[in-house]
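Using the sequences and the accompanying hints, generate a full structural model.
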Amino acid sequence: MLPKLPGSVSQLCIYTGNILSLNEIKKKAGQDATEELLSSLKIIVNNWKIPENMSDSCISIKNSDESLNNVTDVAPTELKTSVKVFIAKGKKEELQNAIDNLFSSLGAVSVDSLVLAYMNHSSMSNDELLKDILELWKILERNVENKKLDRIGISDVDTDLFIDLYKSAKIKPSIVQINLQSCCVVPPALQEFTKANEVQLLTHNDPLDILPGQALSEIFDSNNKRKEVRLNWVSRYQVHVICRGVLAIKGYIVSIDLN
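Take the sequence shown: its letter number 24 is residue 24 in full-length UniProt numbering, and every next letter is one higher.
These are calculated hints, taken from the structure and not from any lab test.
Quick list of simulated restraints, FRET-style, between CB atoms:
1) Leu20 - Asn126: 36 to 42 Å
2) Glu228 - Ala196: 43 to 49 Å
3) Ile50 - Ser168: 45 to 51 Å
4) Thr77 - Asn126: 37 to 43 Å
5) Val185 - Ser60: 41 to 47 Å
6) Val186 - Lys131: 24 to 30 Å
7) Glu141 - Gln191: 21 to 27 Å
8) Ile50 - Val186: 44 to 50 Å
9) Lys62 - Asn259: 19 to 25 Å
10) Thr203 - Lys167: 20 to 26 Å
11) Glu198 - Lys62: 35 to 41 Å
12) Asp209 - Lys131: 17 to 23 Å
Quick caveat: nothing in here was measured; it's all calculated off a predicted structure.
A virtual CB, placed ideally from N, CA and C, is assigned to each residue, including glycine.
Dropping the structure here:
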């Protein structure tokens, strides 16, 4: 669990590094995304030593071996990086923050694909959700225009909302992911639309709430007793070596607020 922090600390950013190099994770094959993320966070936090004379309001907690995010024997052109950002609220600055942290951590120039997952939207109407997603989408579009992202996509929205997003967006989504845990059959209308518009339709099994509040508090607040521990976003990145067809790097970056 996280050591007791000075009261001035209000935000944490946790970098797992390449979890494929963590022996504890290797021994737990078959975990879902939440279990894998929680296991990784516990390892990083438990090994972290609190700096002396810490006074910053925002601190970073990193794997001690940052070189784990590097593939040294392969040219950058032979690597394919895919990212999924789970964002907890519709704030554009949080999404850009997630993207900036990702590029800083990986030392990357560009990312092949980024899929956006907007969490905690079950109580929102489609109109409200579309409004929020379109605002977030502007950030993704800007990063495509700046040559940082190649393809952008969306996860866990219904067919009507996806079609509305596609029609409204300046840069169209080229990927849509659906969760087969909540949708046993791919909607025929979505299949038809994605095929007609050359959108990659993918299924996934990521939990709808990748980092539940109770688990978050257990790791980060047991010693700190803050009024609120709130998730901002989780980024998951995967780097494949194209010529070998193997996954070389997998990791998470997590941003949380301590109030």
